[in-house]
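**Student:** Single-letter residue listing:
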Amino acid sequence: MIRGLVLSLLVLTSSTLWAAQSGVDWLARMTESFDSVAYDGVFVHQEAGMMNSMRIRRGLIGGVEYESLEDLDGQRITVIRVDDSVICVFPDKEDYVAGFLPAEPFRRFQKLDKDRLTQAYDIEVVHKSQRIASRNAVKLTLIPKDEFRYGHEFWVDKENGFLLKHDVLSSDNKLLERIQFTSVEFSPDLKEKDFTPSDDSYTQKFVEIEPEVVPRHWHFDWLPDGFDLVWKDARRMNDTTNMLLLSDGMSTVSVFVERTDKKRPQTLMNLGATIAGEKSIKVGDQMFLLTLVGEVPAQTIQRLMTVMMPGSNND
Amino acid sequence: MSKFYDKHGSGNDDSLSAFLDGEATHADIDVLLAKDRQELASQVDRYHRIHQAMQPEQALLIDDGGSFLDQMHRKLDEGKQDTNVVAFPTQGQALSKPEKLEQVTLPNMTSGSSLSKRSVFSGLAVAASVAFAVVLGGNILLQGDNTAQTPVFAAAPSVQQMPTESFNALSAEEALQNNERLQNYLRQHAQQASMTVGQGMIPMARVVGYPQGNTQ
Chain A
1 MIRGLVLSLL
11 VLTSSTLWAA
21 QSGVDWLARM
31 TESFDSVAYD
41 GVFVHQEAGM
51 MNSMRIRRGL
61 IGGVEYESLE
71 DLDGQRITVI
81 RVDDSVICVF
91 PDKEDYVAGF
101 LPAEPFRRFQ
111 KLDKDRLTQA
121 YDIEVVHKSQ
131 RIASRNAVKL
141 TLIPKDEFRY
151 GHEFWVDKEN
161 GFLLKHDVLS
171 SDNKLLERIQ
181 FTSVEFSPDL
191 KEKDFTPSDD
201 SYTQKFVEIE
211 PEVVPRHWHF
221 DWLPDGFDLV
231 WKDARRMNDT
241 TNMLLLSDGM
251 STVSVFVERT
261 DKKRPQTLMN
271 LGATIAGEKS
281 IKVGDQMFLL
291 TLVGEVPAQT
301 IQRLMTVMMP
311 GSNND
Chain B
1001 MSKFYDKHGS
1011 GNDDSLSAFL
1021 DGEATHADID
1031 VLLAKDRQEL
1041 ASQVDRYHRI
1051 HQAMQPEQAL
1061 LIDDGGSFLD
1071 QMHRKLDEGK
1081 QDTNVVAFPT
1091 QGQALSKPEK
1101 LEQVTLPNMT
1111 SGSSLSKRSV
1121 FSGLAVAASV
1131 AFAVVLGGNI
1141 LLQGDNTAQT
1151 PVFAAAPSVQ
1161 QMPTESFNAL
1171 SAEEALQNNE
1181 RLQNYLRQHA
1191 QQASMTVGQG
1201 MIPMARVVGY
1211 PQGNTQ
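The listed protein sequences derive, respectively, from chains A and B. Counted from 1, the first sequence has number 210 at position 210 by the numbering used here; the numbering is strictly sequential. To get the numbering used here, take the position in the second sequence, counting from 1, and add 1000.
Rather than coming from a laboratory, the hints here were simulated on the basis of the structure. Glycine included, C-beta positions come from ideal geometry on N, C-alpha and C. The reader is advised that the hints may include incorrect statements.
Partial chain B-side listing against chain A, Cβ under 7 Å, derived [claimed, not checked]: (1) H1189; (2) Q1192; (3) A1193; (4) I1202; (5) M1204; (6) V1208.
Think about it this way: if two alpha-carbon atoms lie no more than 20 Å apart in a straight line, the pair counts; the simulated SDA-like pairs of lysine to any residue are [stated by the list, open to error]: (7) K262/A - R1181/B; (8) K262/A - K232/A; (9) K158/A - S183/A; (10) K165/A - R1181/B; (11) K174/A - Q299/A; (12) K193/A - D40/A; (13) K145/A - V126/A; (14) K232/A - R116/A; (15) K282/A - P215/A; (16) K114/A - Q21/A; (17) K262/A - N1178/B; (18) K114/A - K128/A; (19) K263/A - N1178/B; (20) K262/A - E1180/B; (21) K114/A - S129/A; (22) K145/A - S171/A; (23) K282/A - Q266/A; (24) K158/A - E1180/B; (25) K158/A - N136/A; (26) K174/A - Q1177/B; (27) K139/A - N1178/B; (28) K114/A - W26/A; (29) K174/A - E185/A; (30) K158/A - K145/A.
Sequences are here, hints too, so could you generate the full structure?
**Tutor:** In structure tokens:
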């Protein structure tokens, strides 16, 4: 009888703990799961009326961390990460794209910035049973506190916090982008050969080069609440272009500053949830083309283009 | 109409997705007719499963993968195969041929000319078509032309006041350079997002899934 009582108490404690976890806690678990859980899954990515399926795998083999992302529908490009090395695999040499290789290894994922997130979003747990890819899930909603960012809905695995589904929603609740796993296996029996490109494919190994840190020279007279510069300085992308990065902990806006000799009209472009804006600005005798890219509403990009100025405040 | 782009990849996948979207050309139909019936049925089945997972409330695109070829023949008879074709310079051609770009027909932007048998499906052509959608999408957004085919969401009224750039005003070379530059920036952005938002490599799906053009 005592054993039964203890068991009931344990079950009760466990379910109470689960219920007591806040949305932020679940998001933190989700972030950690990408660094701690081994998985092999297939998900579909839907954006801008386009859809394709991808396979993602991660495992620790012989103390070495392996991860891969494989395009199943299209050109069958695969990105493989082995610890700090990144290999891009193209089916044929003709498909190789210069400049495709990542600028930095993926393992440098940043920790969830809880304070910044709660400044920008109301984060809630939906207390209703959910099921995605045959897994029990917890649904989280991130409701933006202003019109300068999108809403998000996450479904995370109740057992290990793994992301199973993610919707990005506009202010009028239209679906802009969706990631949804259709199947996922945890603790799969992955081998080194699962991350080895076939002999007939064309591979490019990425040799890590730290992007050069350069003075920023630009600042924003205004930023939406919760948004801040991720780097205090800029990163040099090539001879003519530097990059700045803004984030509110959930959405990111990349800012590319390119020296140019030709003025271009101000333009906004969209691809699903992703908005890109361009604007020319002249500083002294030098013309610059500013290109902002981010998963934020068009008006955010437009306003950021308006308030971006020469000078290095925002410190 | 269901929009079911398989936006890149082998000509077979392109042809199937174009057919499912009601946008197949003669070339697409030829490719599909030449395919193995079994293989085609399994491909259609795979599309269905993904489609149903994503949009369970919508009807199936095609009721029965096995009768796909029959349906295709019917479509051929109906003569619906010549709409919405995008033609771009092939990889071997010089880029400075603006007359090629003027032949572009995209959703709700009819040029009046049918480009059957002239669509180009080289890697560069496909890459350019999607990059072009980025540019055109921007123009649609700015002009407030909400089409069903290009998902454009609520834009602030002030956005529509911004000066716009007509893609047709750019030379072919400028347009392609612009697309390459944008694609490169999209890739850089996705990589940084991967390291910032705590979702592992998943944000990279945006660029691994994009068709790739030659950059840099």
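**Student:** Against each hint, give a clear statement of whether it holds in the structure.
**Tutor:** Evaluated hints:
no. : hint             : result
1   : H1189            : holds, 4 Å
2   : Q1192            : holds, 6 Å
3   : A1193            : holds, 5 Å
4   : I1202            : holds, 6 Å
5   : M1204            : holds, 6 Å
6   : V1208            : holds, 5 Å
7   : K262/A - R1181/B : holds, 15 Å
8   : K262/A - K232/A  : violated, 29 Å
9   : K158/A - S183/A  : holds, 15 Å
10  : K165/A - R1181/B : violated, 31 Å
11  : K174/A - Q299/A  : holds, 16 Å
12  : K193/A - D40/A   : holds, 14 Å
13  : K145/A - V126/A  : holds, 18 Å
14  : K232/A - R116/A  : holds, 16 Å
15  : K282/A - P215/A  : holds, 18 Å
16  : K114/A - Q21/A   : holds, 14 Å
17  : K262/A - N1178/B : holds, 13 Å
18  : K114/A - K128/A  : violated, 24 Å
19  : K263/A - N1178/B : holds, 13 Å
20  : K262/A - E1180/B : holds, 17 Å
21  : K114/A - S129/A  : violated, 25 Å
22  : K145/A - S171/A  : holds, 11 Å
23  : K282/A - Q266/A  : holds, 13 Å
24  : K158/A - E1180/B : violated, 42 Å
25  : K158/A - N136/A  : holds, 6 Å
26  : K174/A - Q1177/B : violated, 32 Å
27  : K139/A - N1178/B : violated, 40 Å
28  : K114/A - W26/A   : holds, 11 Å
29  : K174/A - E185/A  : violated, 30 Å
30  : K158/A - K145/A  : violated, 27 Å
When held up to the earlier numbered hints, the structure conflicts with 8, 10, 18, 21, 24, 26, 27, 29, 30 and fits the remainder.
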